[in-house]
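Heads up: the sequence lines are chains A and B, in that order. According to our numbering, the first sequence is numbered sequentially starting from 125. According to our numbering, the second sequence is numbered sequentially starting from 3.
FYI, nobody ran anything at the bench for these hints, they're computed from the structure. Be aware that one or more of the hints could be misleading.
DSSO-like mimics (lysine-lysine), calculated; alpha carbons at most 30 Å apart, straight line [what the hints assert, rightly or not]:
{"#": "1", "chain 1": "A", "residue 1": "LYS616", "chain 2": "A", "residue 2": "LYS540"}
{"#": "2", "chain 1": "A", "residue 1": "LYS465", "chain 2": "B", "residue 2": "LYS222"}
{"#": "3", "chain 1": "A", "residue 1": "LYS466", "chain 2": "B", "residue 2": "LYS46"}
{"#": "4", "chain 1": "A", "residue 1": "LYS454", "chain 2": "B", "residue 2": "LYS311"}
With beta-carbon atoms standing in for the labels, derived distance ranges [what the hints assert, rightly or not]:
{"#": "5", "chain 1": "B", "residue 1": "LEU110", "chain 2": "A", "residue 2": "ILE269", "range": "54 to 62 Å"}
{"#": "6", "chain 1": "A", "residue 1": "MET508", "chain 2": "B", "residue 2": "ILE309", "range": "39 to 47 Å"}
{"#": "7", "chain 1": "A", "residue 1": "LYS500", "chain 2": "B", "residue 2": "PHE193", "range": "47 to 55 Å"}
{"#": "8", "chain 1": "B", "residue 1": "ALA316", "chain 2": "A", "residue 2": "ARG510", "range": "56 to 64 Å"}
{"#": "9", "chain 1": "A", "residue 1": "LEU219", "chain 2": "B", "residue 2": "ALA140", "range": "49 to 57 Å"}
{"#": "10", "chain 1": "A", "residue 1": "GLN180", "chain 2": "B", "residue 2": "MET22", "range": "36 to 44 Å"}
A partial selection of chain B residues facing chain A, derived with a Cβ cut-off under 7 Å [to be verified]:
{"#": "11", "residue": "PRO104"}
{"#": "12", "residue": "SER106"}
{"#": "13", "residue": "THR198"}
{"#": "14", "residue": "LYS199"}
{"#": "15", "residue": "GLY209"}
{"#": "16", "residue": "ASN210"}
{"#": "17", "residue": "ARG211"}
{"#": "18", "residue": "GLU212"}
{"#": "19", "residue": "LEU216"}
{"#": "20", "residue": "GLY218"}
{"#": "21", "residue": "SER274"}
{"#": "22", "residue": "GLY276"}
Since this is a predicted model, take the numbers as computed values, not measurements. For glycine and all other residues, C-beta sits at the position ideal for the given N, C-alpha and C.
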Amino acid sequence: MKQTVLEMIGIKKSFSGIYALSGIDFNLQQGEVHALLGENGAGKSTLIKVLGGIYQPDEGTIKVRGKEVKINGVPAARENGIGIIHQEIVLVPYLTVAQNLFLGREIETSYKTVNKAEMNRRAAEMIASLGVKIDADTLVGNLTIAQQQMVEIVKAVSFNGNIIVMDEPTSSLSNEEVEQLFQIIGELKKKQVSIIYISHRMEELFRISDRVTVIRDGMYVGTKKTSETNPNELVAMMVGRDLESFYTRDYCDMKKAEVALKVEELTQEGVFDGISFQVHKGEILGFAGLVGAGRSEIMESIFGARGYTSGTVYLHGKKVRFKNPMQAIKAGIALVPEDRKKQGLVLGNSVSFNMTLSSLRFYMNGIAINEKKRKKVVQEYTDMLRLKAASPEIEAGSLSGGNQQKVVLGKWLATKPDVLILDEPTRGVDVNAKFEIYSVINELAKQGIAIVMVSSELPEIINMCDNVCVIRGGKLAGKLSREELTQEEIMKYAAGGVE
Amino acid sequence: MIMIKNKKKPIILDNPVINMFRYNIGIVAVLLIMCIIISFATNKFLTAANVVSVLRQISINTYIALGMTLIIILGHIDLSVGAIVAMSGTLTVGFIVNQGLPISAAILLGILIGVVTGFVSGFVVSHFRVPAFIITMAMMNIASGIAYVYSGGQSTRITDDFFAKIGTGYLFEVIPLPVVYMVFLIAIVSFLLNKTKFGTYVYAIGGNRESARLSGVPIKRIEIIVFTLSGFLSAFAGLVLCSRMYSGQPSVGNGYELDAIAACVLGGTSMSGGKGRISGTVFGAMVIGIISNGLNLIGVSSYWQLIIKGLIIACAVLLDVQKGKIRNLKKKKAVNNN
């Protein structure tokens with residue numbers, strides 16, 4: 125049996141009388157990758173914040189290498205060798221990698237000036253020791269998100285971190301970058317560093333974790349060896365019941381359906397090139413590919429949110445070119461954007477505000493907004509999407525990720541689209557909300573809406589789509605029909621295995 | 003789903019009356035405390051005549067601050083308002099006295115000049131993405147320059163009765179006309195901001211520009227309308243001010259932009275955009291007006307008044323930031339359970 129480096133016993137934490145954590149047990153062994161799994165709101169983040177010294181637990185003990193410790197702040201966490209890689213990167217973009225690594229503990233020369241050369245040398249060593257290839261002298265702002273994340277990891281390790289927490293580290297990485305991350309995790313394991321790995325993505329857990337602990341509603345559900353469990357069992361543990369079938373899809377007969385949207389040779393120089401496809405009423409057309417392949421850009425161009433140099437778009441057989449999103453919306457196209465916080469919602473405003481923002485023209489009484497009609501619509505989509513919000517007037521930013529995504533979906537459904545473009549519709553969404561979103565998408569397709577779904581989650585592409593376009597480097601690398609869809613097949617095209 | 007089970011106190015924003023006070027609680031408290039202190043210091047403060055006079059004094063700043071509120075909610079700033087007051091006022095009076103234009107024509111022309119100035123700022127901001135701070139600072143210089151060039155730096159007296167009525171007249175012989183305009187303008191701008199598509203879009207652009215763009219909000223059009231409106235309100239303020247002073251003076255609007263911004267900020271409008279209310283701005287303008295009125299009555303020198311005014315603004319904003327911090331903390335705690 126390996127040495128246990130961290131033990132959390134009976135951790136309880138409440139906020140204004142409500143328990144966010146009601147007795148969580150967790151232990152971590154040396155050199156293992158221990159996945160922490162739970163729905164949004166299950167208490168994962170709270171638990172991690174307790175570990176990182178941001179919150180103080182009401183009850184329970186934390187032992188590091190068998191010794192009981194009090195973690196009463198971020199420095200205390202650091203002293204105990206705990207490093208947390210947050211979902212949002214907290215590096216300074218205008219400083220170099222080395223400056224970031226040594227921020228607050230700069231190496232000085234004998235004249236009390238900063239010894240840049242020495243810092244660069246030491247930083248390069250630190251980076252190389254994890255098998256990463258990043259120049260210590262480049263500005264962090266010029267690095268990709270994945271590289272920045274690696275810098276964060278290097279930083280955490282450099283504080284003698286031997287317990288590293290990664291909070292959804294792959295949420296904004298492409299598949300290729302995920303591979304790099306996994307290599308680093310491998311390196312860390314070799315160095316006997318223990319890792320707590322939080323992720324929603326089941327396949328990842330099965331690839332890299334040794335054990336999985338599931339929590340639900342702030343309670344400890346159980347710990348399993350990854351090699352002795354399966355995704356269905358874990359999902360059942362997370363949601364507290366069996367999920368009969370996760371993906372709902374009643375396939376349509378496309379031979380009868382008419383073409384709703386047709387795109388020919390769409391090109392924007394340097395971004396995407398010669399993209400042609402068509403989608404029928406009731407069809408779900410998937411767009412697979414690596415992040416950065418140009419999928420979102422293609423969709424934005426169709427939607428009028430960015431330009432294109434050449435090519436034609438036909439909507440219901442008629443040639444169209446939208447100068448701005450407003451025209452596209454009026455013509456019956458909706459785009460649920462990739463990043464709901466940056467592009468989808470006005471977080472500080474209410475659910476009702478957000479849900480009706482794109483469809484206000486339907487509820488006008490002269491120049492005044494008809495609040496009754498507006499309320500009715502909000503209610504309609506709240507019910508349809510099973511949105512859990514205490515009130516339509518609650519701030520959208522206070523909802524969980526899944527519910528925020530439902531608000532965005534509601535907003536676009538309220539515009540009554542014929543063509544619905546979904547860009548990563550279930551990113552950062554918990555299992556239950558995912559399930560609900562899938563069944564709504566299926567329902568919409570059944571009603572005859574043509575759906576284009578850009579997604580980096582291969583399981584949802586494979587299980588939801590009638591046809592799939594794979595984009596690589598801005599070009600259409602391949603088209604697959606439902607019968608041909610397998611993970612391997614898609615990746616072959618996406619990563620460039622076949623020409 | 004778990005969120006609901008936990009019965010967290012949600013941030014409910016739906017009762018307008020309760021909200022008006024809850025939202026403005028800090029500034030209303032400051033206002034009351036000030037009134038109490040001043041009325042203890044002098045018995046001239048709480049007289050009908052003085053209340054009317056305070057309302058008249060704050061009206062000009064309020065017109066300008068109404069436009070400024072929309073601009074700040076959009077996430078911009080307008081430094082040209084004070085200069086527009088001076089330019090429109092000086093030119094209007096000049097057109098009547100020097101050019102012999104009919105009064106109505108001169109007034110229309112004066113207002114139009116303000117409207118065009120605002121439009122130009124809005125156009126440049128929205129189409130060329132020039133920071134509003136820069137372009138409106140340029141417009142401030144241009145407008146102020148025009149006022150000085152036209153008048154040669156001299157003030158122009160106007161003796162016309164009708165013109166004087168605009169700013170000095172009364173409704174029912176008790177309510178000064180500037181106060182009537184103020185109430186009217188508050189009602190209109192509140193309606194626009196809270197009840198129309200336009201107002202919703204203003205909040206959306208200020209709250210999240212990218213999201214607004216993808217939601218089909220006509221950003222450029224809204225920005226131009228808001229800056230034009232601000233220009234209109236400033237020009238109108240210039241007209242009323244000149245009428246009250248029986249003269250057009252190129253130096254009048256100096257610093258008005260800062261009073262208007264102060265009113266907005268005191269009223270809780272966020273300088274980073276997306277948040278703010280007309281009611282808050284009106285309370286803010288009242289605080290600023292009552293500070294000078296009260297200090298005048300007490301007999302504090304105008305030099306000291308500057309210092310005191312600065313301190314009160316700083317304190318009020320600090321209070322507001324603290325309130326925001328506490329609210330955020332609570333919210334964070336509520337959200338962090340996931």
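Against the structure, the hints come out as follows:
no.	hint	verdict
1	A:LYS616 with A:LYS540	violated, 37 Å
2	A:LYS465 with B:LYS222	holds, 22 Å
3	A:LYS466 with B:LYS46	violated, 54 Å
4	A:LYS454 with B:LYS311	violated, 51 Å
5	B:LEU110 with A:ILE269: 54 to 62 Å	holds, 56 Å
6	A:MET508 with B:ILE309: 39 to 47 Å	violated, 59 Å
7	A:LYS500 with B:PHE193: 47 to 55 Å	violated, 22 Å
8	B:ALA316 with A:ARG510: 56 to 64 Å	violated, 48 Å
9	A:LEU219 with B:ALA140: 49 to 57 Å	violated, 34 Å
10	A:GLN180 with B:MET22: 36 to 44 Å	holds, 38 Å
11	PRO104	violated, 33 Å
12	SER106	violated, 27 Å
13	THR198	holds, 5 Å
14	LYS199	holds, 5 Å
15	GLY209	holds, 4 Å
16	ASN210	holds, 4 Å
17	ARG211	violated, 10 Å
18	GLU212	holds, 5 Å
19	LEU216	holds, 5 Å
20	GLY218	holds, 4 Å
21	SER274	violated, 10 Å
22	GLY276	holds, 5 Å
Taken one by one, the earlier hints fail for this structure at numbers 1, 3, 4, 6, 7, 8, 9, 11, 12, 17, 21, listed in ascending order.
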